[in-house]
Each structure stands twice: as C-alpha cells, then as structure tokens.
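Colleague: Between the sequences and the hints, there should be enough to build the whole structure, so can you do that?
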Amino acid sequence: MSPRTSRWCHAANGAVLVAILSVAALVLHTAPDRDLQQSPIPVPATLGEPATGRNIRATVHSVAMAESVTAGNGWAGGTPGVWVVVDLSVEAVATDEGAVFGTAVLRVGDTRFSASTRPGNATVVSVRLATGIPLTGPLFFELPADVASSAEAATATLELALNSDPRVDSLLVMPVDLTDLPVQESLDVDFPEWGDR
Amino acid sequence: MTATPPKERRSWRQGARHLYDRLPTAWLLTGISGVFLAVSAVFGGLDDAPVQAAPVLETGDTHVGAELTIAVSQALLIDAFPEQLVIPEDGNRLLVVRAVVENTTTGPLRLSSASTGPVKLRGIQADSIRIAGVDGLPVTTPPVSILVIDDGSDEAVVQPGVPVELAFVWEVADTVAEGEPIEVQLMDRVKISEGELTYGGLYDDPVVSATLDLTLDDVGAGVSE
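As they're listed, the protein sequences go chains A and B.
Just so it is clear: in the first sequence, position 20 is 17 by the numbering used here, and no numbers are missing.
Just so it is clear: in the second sequence, position 100 is 110 by the numbering used here, and no numbers are missing.
Please keep in mind that the hints were generated in silico from the structure rather than gathered at the bench.
Honestly, I wouldn't trust all of these hints.
[Unchecked claim] Beyond 10 Å from chain B on every Cβ pair, some chain A residues (computed):
1) Ala21
2) Pro29
3) Ile38
4) Thr128
5) Trp191
[Stated by the list, open to error] Now the stretches of chain A that chain B is said to cover, found in silico as 3 or more residues with beta-carbon under 8 Å:
6) 70 to 81
7) 102 to 110
Virtual Cβ for every residue (Gly too), placed ideally from N, Cα, C.
Modeller: Structure (structure tokens):
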C-alpha cells in the first residue's frame, strides 16, 4: 500500500466517522425526550362547557376569589393569601376503577398550586369518581395575594386529571384570568353533591 | 577511532527523553505525589477540613433552607389532640413543636410524617425538622403527625409562597417534663439531579442546616395557644 492510498483511506474513514456522529447527534437532539414522551395529553376546556378526556369529564361552572371561605361542612380555614374557589362537576367516562380525582392544579406562570385538602370532605379533590354520574362541588386553592394579582395570573390555567400523576393520560386544561375576578370578602360554598348543576 | 560518541549528538530533548526512560516508575509516581502534596500545602495540606457547625438560631428566627423557610416558635407538651385522633398510648404524652413554614419552590410540598402510608403524592415530600435531646426518643424519629394549626387538618401540603403555621407532633414518655431543654434540628435536603430511570428529582440525604435550643412548655390537657 502506497502512502498516498493510505492517506486517502484515513481521510475517508474520518469523513465516515464524522457523518455517523452527525447523524447520531441529529437523532439524539431531535428525538422526543422522556418528558415529551411521557407528558400528559392536554384537552382544552372552557368555562361552562364540558371537556372530556380518556376517563374524565369535567365542567367548570364558576371560578371565584375570596379572602375567607366557609365550606359546606363548616370548615373555615384561614389563609394569609386568598382562596380561589372553583365550582365544577366531574365524572369518570369509561370506568370507575382507579378513577380518583387526584390532580387539580392551578398553574400561575411556573408556579403550581394544588387544590387544598384542608377542607376535608367538603372538597371534591381526591374523591373517587363514578362513571357517568357527575359529582358537583368545590376546589379550594390557596394563593399568595400578590401572585393572584400578578400579571401572570391573567394567563393562569386550571389543570384537572385522574390520579396524582397525570403523565400519559388526559389533562383537562382551562385558562383562567384571575386578575378579572373580584376578591370577595367571604364566600359560602356548598357541600359536594352527586348530580349535575 | 572515527565514531563520534552518540551522547554528544543528542539534543537536550533527546537527553530528557533518555533520562525519562531510565527513571523507575515508582520514583516517578512518588515524585508526582510529593509535588501534589507540596502544592496542596498551599491550600492547607493534610489539615482537617474545618467542619462548619450548623448555626444556632434564636426562637422565632427564620431559617432559609433550600425548599422551605422555617421559623420555630415554641415547643410544648400536651396530653392529646382528640379531635384530630392524635392520642398517645397510655403513659405517653405528645411533644409539639410549633413552626411557621413557607415553601420557596414552585410546586406544592407535602411534609411527610410517619403515618403517610404507602400512597404518597408524587415528588412532593420534604424533610423539615426533627428533635434531639429527648429521653427515649431517637433523633431520627419522624413526627407521628403534622397538623395545620389554623384548622387542625392533618395533611400538611405547603403551597408555594403561602406561609402556614404547623404543629409537628411526637409521642414521648410522660417522664419528659416542663422546663427540660430540647434541640430542634432544621433539615435541608439537596437535589442531586432528575432521575434517569425514575421519575422526579433525586435528593441527597437531608443534613442538619441549623439548630435551635428550646425549653419545653406544658399546656396540660391542652389549650389552643
């Protein structure tokens, strides 16, 4: 083998190696990452209209903001911030097996607030849903007052799903403009009940 | 004799190479270690690294941790919380540490107690406080319950930016009496990374990032304040 052919051979090897690495880099950087592969499937929702996911159907009837709330069981927990009270009907669609209403999140900017479990049985979060029979009741979110009136609060979203881990399942997403809501002094909220409103 | 000795033809570079080839590896390694140690002497050498003692806080001071800010206000003894079904066994009483906790992250954090059971909210547990210096109570004992003082609910999920006053409850022998000193240790956990095989963050073991010395009060059968 003359030195010339050897040199060409090396150059070709190098080129092939660079080509393989570029293709690998392209695949690596364009393939959906794990977060995308496992992300929940968003279902857009609007106020007053039912939105249906794989095994959850919810209708948000109203959103209100108040400094103090009294729940249907008499609970009146205080907060240094404000309460955002969401009144909704929620039901399972396909099966009631494992249909726990585990995700109720109010997202303001990058910050997530989960529905409070402090009211005990006067809130619908963490309740086992029934197939085709809506459960109507409130969700209580505890927010700092400055967050509730911030610019990001205008584009807040309400996210509802089954289970505390909504990955690879339907996630009902409803935009909420919190800055549009008047802050009421106090709010009496009904106890959850079966049936639609 | 016509041959010139090869030594004279060597450049300094070849000479160094020759020397290097003849150098025993053990000498080389020892030499490198020696240089390393000598250089390290500039930064303190083989002295023990100073251990930063956890700062000691005063009652009411706010401790800013990685995920939570905690301000401990009081430690007291109480018979029971019957309405919350937190009732100690015969011969035991409850030791309560009151603290205002604020979540500085961007998601809700659930403070875990011993009674959380197998079902836990995803990725939102935080270690917060533990107590030392109590007879018969190992320092690693988690609280039997964490109550929200405002309404007595027993699921402490701390929402971002919303400070909440909590009662951390331990069960202790009733020989523990008013006036005894206890040490409250405020814990901090450090996030290592996002899990590669698991979902959610991976956390290092929590470390004591501040301590607080308190004297136990006694409220007998129990009053709210």
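Colleague: Between the stretch 70 to 81 of chain A and chain B, are there enough contacts, at least three residues with CB-CB distance under 8 Å, for the coverage claim to hold?
Modeller: holds (count 7)
Colleague: Holds or violated: the stretch 102 to 110 of chain A covered by chain B, criterion of 3 or more residues with Cβ-Cβ distance under 8 Å?
Modeller: With 4 residues in contact (Cβ-Cβ under 8 Å with chain B), the coverage given for the stretch 102 to 110 of chain A holds.
Colleague: Over 10 Å to the closest beta carbon of chain B is the bar; see if Trp191 of chain A clears it.
Modeller: 24 Å, holds
Colleague: Grab the minimum beta-carbon distance between Pro29 of chain A and chain B and tell me whether it stays above 10 Å.
Modeller: 16 Å, holds
Colleague: Is it the case that Ala21 of chain A keeps its Cβ farther than 10 Å from each residue Cβ in chain B?
Modeller: Ala21 of chain A clear of chain B: closest Cβ-Cβ about 19 Å, beyond 10 Å.
Colleague: Run the C-beta distances from Ile38 of chain A to all of chain B and say if the shortest one exceeds 10 Å.
Modeller: Given a closest Cβ separation of 17 Å, the condition holds.
Colleague: Does Thr128 of chain A sit more than 10 Å from chain B, CB to CB?
Modeller: 22 Å, holds
The structure is consistent with each of the numbered hints, conforming to all of them.
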